[in-house]
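Protein chains: 2
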Amino acid sequence: MVHSRIFNEGLDKNPGNFAPLSPLSFMAWAADVYPQRTAVVYGDRQISWQEVLRRCRRLASALTSLGVGVGDTVAVMAPNTPPMFEAHYGIPMTGAVINTLNTRLDSRTLAFMLEHGESKVLLTDTEYAKTIAPALQALDNPPVVIDVEDPLGPGGERLGKIEYEAFLEQGADDFAWQLPSEEWNAIALSYTSGTTGNPKGVVTHHRGAYLNAIGNIVTWAMPHFPVYLWTLPMFHCNGWCFPWTLAAVAGTSVCLRRVEPEVIFDLIKRHRVSHFCGAPVVHNMLINAPAQLRQGIEHRVKAMIAGAAPPRAVIEGVERIGVELTHVYGLTEVYGPAAVCAKHSEWDQLPIETRAALNGRQGVRYPMQEAMAVLDPETLEPVARDGQTIGEIFFRGNITMKGYLKNPGATQEAFAGGWFHTGDLAVIDEDGYVKIKDRSKDIIISGGENISTIEIEDVLYSHPSVLEAAVVAKPDEKWGEAPCAFVALKDGAEPVPEEELIEYCRQRLAHFKCPKKVVFGALPKTSTGKIQKNVLRGSARDV
Amino acid sequence: MVHSRIFNEGLDKNPGNFAPLSPLSFMAWAADVYPQRTAVVYGDRQISWQEVLRRCRRLASALTSLGVGVGDTVAVMAPNTPPMFEAHYGIPMTGAVINTLNTRLDSRTLAFMLEHGESKVLLTDTEYAKTIAPALQALDNPPVVIDVEDPLGPGGERLGKIEYEAFLEQGADDFAWQLPSEEWNAIALSYTSGTTGNPKGVVTHHRGAYLNAIGNIVTWAMPHFPVYLWTLPMFHCNGWCFPWTLAAVAGTSVCLRRVEPEVIFDLIKRHRVSHFCGAPVVHNMLINAPAQLRQGIEHRVKAMIAGAAPPRAVIEGVERIGVELTHVYGLTEVYGPAAVCAKHSEWDQLPIETRAALNGRQGVRYPMQEAMAVLDPETLEPVARDGQTIGEIFFRGNITMKGYLKNPGATQEAFAGGWFHTGDLAVIDEDGYVKIKDRSKDIIISGGENISTIEIEDVLYSHPSVLEAAVVAKPDEKWGEAPCAFVALKDGAEPVPEEELIEYCRQRLAHFKCPKKVVFGALPKTSTGKIQKNVLRGSARDV
Numbered sequence: 001m002v003h004s005r006i007f008n009e010g011l012d013k014n015p016g017n018f019a020p021l022s023p024l025s026f027m028a029w030a031a032d033v034y035p036q037r038t039a040v041v042y043g044d045r046q047i048s049w050q051e052v053l054r055r056c057r058r059l060a061s062a063l064t065s066l067g068v069g070v071g072d073t074v075a076v077m078a079p080n081t082p083p084m085f086e087a088h089y090g091i092p093m094t095g096a097v098i099n100t101l102n103t104r105l106d107s108r109t110l111a112f113m114l115e116h117g118e119s120k121v122l123l124t125d126t127e128y129a130k131t132i133a134p135a136l137q138a139l140d141n142p143p144v145v146i147d148v149e150d151p152l153g154p155g156g157e158r159l160g161k162i163e164y165e166a167f168l169e170q171g172a173d174d175f176a177w178q179l180p181s182e183e184w185n186a187i188a189l190s191y192t193s194g195t196t197g198n199p200k201g202v203v204t205h206h207r208g209a210y211l212n213a214i215g216n217i218v219t220w221a222m223p224h225f226p227v228y229l230w231t232l233p234m235f236h237c238n239g240w241c242f243p244w245t246l247a248a249v250a251g252t253s254v255c256l257r258r259v260e261p262e263v264i265f266d267l268i269k270r271h272r273v274s275h276f277c278g279a280p281v282v283h284n285m286l287i288n289a290p291a292q293l294r295q296g297i298e299h300r301v302k303a304m305i306a307g308a309a310p311p312r313a314v315i316e317g318v319e320r321i322g323v324e325l326t327h328v329y330g331l332t333e334v335y336g337p338a339a340v341c342a343k344h345s346e347w348d349q350l351p352i353e354t355r356a357a358l359n360g361r362q363g364v365r366y367p368m369q370e371a372m373a374v375l376d377p378e379t380l381e382p383v384a385r386d387g388q389t390i391g392e393i394f395f396r397g398n399i400t401m402k403g404y405l406k407n408p409g410a411t412q413e414a415f416a417g418g419w420f421h422t423g424d425l426a427v428i429d430e431d432g433y434v435k436i437k438d439r440s441k442d443i444i445i446s447g448g449e450n451i452s453t454i455e456i457e458d459v460l461y462s463h464p465s466v467l468e469a470a471v472v473a474k475p476d477e478k479w480g481e482a483p484c485a486f487v488a489l490k491d492g493a494e495p496v497p498e499e500e501l502i503e504y505c506r507q508r509l510a511h512f513k514c515p516k517k518v519v520f521g522a523l524p525k526t527s528t529g530k531i532q533k534n535v536l537r538g539s540a541r542d543v
Numbered sequence: 001m002v003h004s005r006i007f008n009e010g011l012d013k014n015p016g017n018f019a020p021l022s023p024l025s026f027m028a029w030a031a032d033v034y035p036q037r038t039a040v041v042y043g044d045r046q047i048s049w050q051e052v053l054r055r056c057r058r059l060a061s062a063l064t065s066l067g068v069g070v071g072d073t074v075a076v077m078a079p080n081t082p083p084m085f086e087a088h089y090g091i092p093m094t095g096a097v098i099n100t101l102n103t104r105l106d107s108r109t110l111a112f113m114l115e116h117g118e119s120k121v122l123l124t125d126t127e128y129a130k131t132i133a134p135a136l137q138a139l140d141n142p143p144v145v146i147d148v149e150d151p152l153g154p155g156g157e158r159l160g161k162i163e164y165e166a167f168l169e170q171g172a173d174d175f176a177w178q179l180p181s182e183e184w185n186a187i188a189l190s191y192t193s194g195t196t197g198n199p200k201g202v203v204t205h206h207r208g209a210y211l212n213a214i215g216n217i218v219t220w221a222m223p224h225f226p227v228y229l230w231t232l233p234m235f236h237c238n239g240w241c242f243p244w245t246l247a248a249v250a251g252t253s254v255c256l257r258r259v260e261p262e263v264i265f266d267l268i269k270r271h272r273v274s275h276f277c278g279a280p281v282v283h284n285m286l287i288n289a290p291a292q293l294r295q296g297i298e299h300r301v302k303a304m305i306a307g308a309a310p311p312r313a314v315i316e317g318v319e320r321i322g323v324e325l326t327h328v329y330g331l332t333e334v335y336g337p338a339a340v341c342a343k344h345s346e347w348d349q350l351p352i353e354t355r356a357a358l359n360g361r362q363g364v365r366y367p368m369q370e371a372m373a374v375l376d377p378e379t380l381e382p383v384a385r386d387g388q389t390i391g392e393i394f395f396r397g398n399i400t401m402k403g404y405l406k407n408p409g410a411t412q413e414a415f416a417g418g419w420f421h422t423g424d425l426a427v428i429d430e431d432g433y434v435k436i437k438d439r440s441k442d443i444i445i446s447g448g449e450n451i452s453t454i455e456i457e458d459v460l461y462s463h464p465s466v467l468e469a470a471v472v473a474k475p476d477e478k479w480g481e482a483p484c485a486f487v488a489l490k491d492g493a494e495p496v497p498e499e500e501l502i503e504y505c506r507q508r509l510a511h512f513k514c515p516k517k518v519v520f521g522a523l524p525k526t527s528t529g530k531i532q533k534n535v536l537r538g539s540a541r542d543v
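Line order of the protein sequences matches chains A and B. My numbering puts the last residue of the first sequence at 543; the count rises by one with no breaks. My numbering puts the last residue of the second sequence at 543; the count rises by one with no breaks.
The reader is advised that the hints may include incorrect statements.
Because identical chains cannot be distinguished in the list, a pair is counted as satisfied if it fits within a single copy or across any two copies.
Unchecked claim - Straight line, CA to CA, 20 angstroms or less: simulated DMTMM-like cross-link-like pairs of lysine to aspartate or glutamate:
hint: 1; residue 1: K161; residue 2: E9
hint: 2; residue 1: K13; residue 2: E183
hint: 3; residue 1: K13; residue 2: E182
hint: 4; residue 1: K516; residue 2: E500
hint: 5; residue 1: K525; residue 2: E381
For the record, the hints were derived by calculation from the structure and aren't laboratory data. All values reported here derive from a predicted model rather than from experimental measurement.
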């Protein structure tokens, strides 16, 4: 039928009405519109948008001279300093893919990533020379190394032939960077710290990075010119896309090398920081810092918190120190956060405990993500919205990775049935809000009942002497499994007898859910600060 | 080379990681996350997001039953009432294209549009039966008519067999609407009121509507839950995409039939309206309304103003009545606004006159539009950033139409050289901000000097007795052309002698720019409220 064709004939894409979506466009915008505004603050340095664009162009130009081009990988090993920020633009401007490396990793794992990702070039802060050097030695085909010597860093050996600033000097100011030929082209490669086997390389694309960068703005209702403190590592899912978000609102990135309470509160005060993000561990650190560090901060600060399930005590604590919290949820495969516990104004009237409980849920999808659902992992049918029935969380939409690098099997598995499988177990409340009950591997099945370790952890965290808590399954002759708690107490807290903590739980939980055993001491953590439940499960067997 | 292929192999699009961009997704989001929040207010009616989605689904379902499907056109002739809002979702949910009709048009023009757009169905408010009936009679193949009988409207004859509410009742609540198969599919058809010849049908697509809907949020830094007053007709470029914007922030649409100061101030007060948009004529009306109408409005209101070039006096006046103004620029071909006079905090310190002058510029592109430039229309080379050299404004990017319906010649012309040609003449300042000097046809060339009629109009508007002013070229023996001013005075203003107004201009403008002649009286306007300069040019020859 001719009829339905009238809207296509002679109405094709052309350079005037179509451009690939890429977050690189945002920096061009910020530099055009707000050339003199500060893009990056670091120590006493201030870099304007005009200047940072110039530096990114130089970086892209210099990389191109090394032969870097479309579909190549450039790795970066750096804390949240200006070069790390610049890499998020300069590398994709060449058509290449940025691979940020977790600075807490060991040489063996880093060598795996550099080899698997086929990195052509590595930008590396000299602080990490001691772990990077053996990694490079392990490679048959090591990348070209550009050393970043940061005057504010602790120093360290140089491993390459050229330093970052000298490298930039080799590049041209007016390098004619281009948008990707396709918005589906890869922009970043990020390795996930799998609990078993080799890390998987999550490949994300320009379109998704563009949309999630905006998703952050819409979800957080970000104003123009936010002052954003980099408490979240940029090596975590490209800082949840915030390096790109900040260009679209001409915001300022306040960089720092170390996430420590003194530094954080000082920077918040000095630069009137308006926004920051972090895992619960960062927020916990701020809550437990001496109150005098907060003196002189009069303005309101907004923070995003993520993590499998931030303990309620942390949510409450952060609110108590005057930070307005937005709770997000996601994982590397969905560019960082792709879900938010979107607030309702009715909640404002509720007591802080109830509010924290509502706000502690993983919530709903970002407006830019197409769907989030709790499904039966076998049938992919939605579970009942009863807050009880456990299913798996699935995502679908534009803020989901292309797949795993050189791993078609894992990619197909991750997308089986047309949904991205998160592996996180959750319930869905009547209001459609998702609440994580456990990572698949962490659930405790005791006497046929599913027990969420998080529920128990929430209770333990609410005890005034508890700093951190983790609960795992301990084999039990009678019940199959029983909860075993590992607890670190706060500095200077009175020792708490095991019986007292168990009794504390019994007053607040169904008895079958209470820990049968409590072990005190520091908790083992991964390089990204996650508590290593697999290690604890081993210990639980022996106690 | 294998190397550059690793980021494509096995990393294809699948239903889990790709969805066509469409603003329809935003309504699904709002209804999921904020089902009980008010989506639409009209008179005493409040419609929640859950309910409005239900109604849109019914509309889509009922239209489908009439045979409406992908690529069909459904026209709407209605003021800013709930059915008009619902049409922006219900129609595209079927895959069809919404064609909003300008309610101020005459029957002949409407008949042309219905025929040229091949509308299958027409939703029409009975107020317009008198103009619609002859239009339908003129058609060989008239659309199916659905009458909208609005209890708050003035009534009018019914032209079809079924009323809107009964039509919705025929539809299914759970109609399984789908995203478009391609985001490039048409979502809307909007006719531009060309000064000569037949109107051209601007075709826009789902991708652009999605991006401009978000562009509004980012550009205006819109919070969650804005209360938006519909002073801008939804038949103007689909209300600049705001019906879609509001879903992405779960905002409330305050509907109204008539744009009158009493109604506007009453609704602002009653619903605590936070945002509205409009042409300068709307803002002018508010400025000149009796001050007591504003009594009781304590909260801050934000407004967007657009139009070829709002007179400075309007910008100043609106600020004086406590409205925070954002000045945008665009045209139907770019989905409404695609440029904004983005503010700088330094401007806040400046006197209101200077601020208004800076803010009166058309500014810079939306972050979601790829480029805006002032180019020499012959060579497509950028003009100097000197605030002097006149060129034409061009756009490029995703917020630009597919083209003109069934008019490949006009489409090619509009996109010649890979840019969209606006036809607006402008200069570009050193800071990269664009300022319109004139529509191509309106410029006055006098003694070899280009004169911007807008500059003269700005001065005339600043005179305390002047309500409206328009300047056109009058043939002049000596100079070729000379400026001729047409002026409407404010109600109750003292008559101003012609000489006094000319002298007023001479004190503020280079003498060659001053009107040689001033004519007093009401100004002729188009159906969209634009002053008809072509009519005035005719008159100017004879005075």
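**Q.** Unmet hints by their number, sorted upward, for this structure
**A.** 1, 5
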